[in-house]
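J.: All residue numbers for the sequence shown refer to my numbering, where the first residue is 1 and numbers rise by one.
Hints listed in this document are in silico derivations from the structure and should not be mistaken for laboratory results. Bear in mind the structure is a predicted one, so any value in this text is a computation, not a measurement. Glycine included, each C-beta is placed from N, C-alpha and C at the ideal position. Where hints are given, some of them may not hold.
Listed below are the simulated DSS-like cross-link pairs for lysine-lysine, each with C-alpha atoms no more than 30 Å apart in a straight line [unchecked claim]:
1) Lys29 x Lys271
2) Lys81 x Lys30
3) Lys2 x Lys271
Distance windows between CB atoms, simulated [said to hold, decoys possible]:
4) Lys29 x Gln232: 35 to 45 Å
5) Glu231 x Pro108: 33 to 43 Å
6) Ser201 x Val275: 26 to 36 Å
7) Lys260 x Lys154: 32 to 42 Å
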Amino acid sequence: MKITVLIENQPSGNLCAEHGLSLAIEYRKKHYLLDTGASDAFTKNAEKLGISLSEIDSAFLSHGHYDHSGGYEAFFAQNQKAKVYAKEEIQEACYSGSDSSRNYIGIPEELLEHYRDRFILIKEDCEIEPGIWLISHKSKDGSKRGIRAHMYRKKNERFFPDDFAHEQSLVFETAKGLVLLNSCSHGGIESIVTEVNQALSPKKVFAVLGGFHLKGASGLDSLGVPKEEVEQMGPSLLSMGVEEIYTGHCTGFAAYEILKTSCGSHLHDLKTGTVITFAEKG
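With the sequences and hints as input, model every part of the structure.
T.: This is the structure in structure tokens:
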């Protein structure tokens, strides 16, 4: 299994970067795409990295935010076959901000209207192909996290705290266990690992990859959650049997340094162009 970061907040070499995330995945001789970043920039990096987007067999949208869905139109221009698996809740518009000023942060507003036939909207956990699952986020404390993050969904002209029901994990079975990809982990990475372990028991997560949404409003160098919460996160993940932690995007530099203290060599950063490999299950 090979995962290539097509775009992330941090640049590398001659590759461009932006606030967003997109991953190309090779697994059992097939090609997959998770998210597209905020624009068409990921397509330019894919070309430089020698990755043909026209060969993608299936695509996935982790959740309904612009920095993960802004490049799908550019993807569809290069690929006429791949369907995009997404939660049906992405149809509910996402916003951030306060009661007095809310900003739209959802998927491009006409994306589903223009490309409805390219999307498969799912309601429940499902096995896409042997060894590949989509596991929905369903924690009961989701709305509390939405309030803390100042994130909302709009439904029937009313705003509700986002419970992140539009968020899902993409999970692969490998030789050492499950590899869990969740681009922002708004529902809390510890809760998400627990959800996946429960859904796919007795299989267990041994590696997680994605953003943990720990950065503050002022940028990647600040914390958006209590420091104690980040200090507990690393030991908690390790105690759950997670051996490898790859994170970037919305985790932030400040949180990464705290995680590094507790996770040591188990922690790895993501940046544009990063390549990660895992042995596939025989």
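J.: All the hints need checking, so say for each whether the structure fits it.
T.: Results for each hint:
Taking the CA atoms of Lys29 and Lys271, the gap is about 25 Å. The hint holds against a cut of 30 Å. Distance hint between Lys81 and Lys30 is fulfilled; the C-alpha atoms sit about 13 Å from each other, no more than 30 Å. About 15 Å separates the Cα atoms of Lys2 and Lys271, which keeps this hinted pair within 30 Å; it holds. Between Lys29 and Gln232 the beta carbons are some 40 Å apart, a value that agrees with the proposed interval 35 to 45 Å.
For Glu231 and Pro108, the hinted distance range of 33 to 43 Å is satisfied, since their beta carbons lie about 38 Å from each other. Checked against the given bound of 26 to 36 Å, the beta carbons of Ser201 and Val275, roughly 31 Å apart, stay inside it. At roughly 38 Å, the beta-carbon separation of Lys260 and Lys154 lies within the given 32 to 42 Å, and the hint holds.
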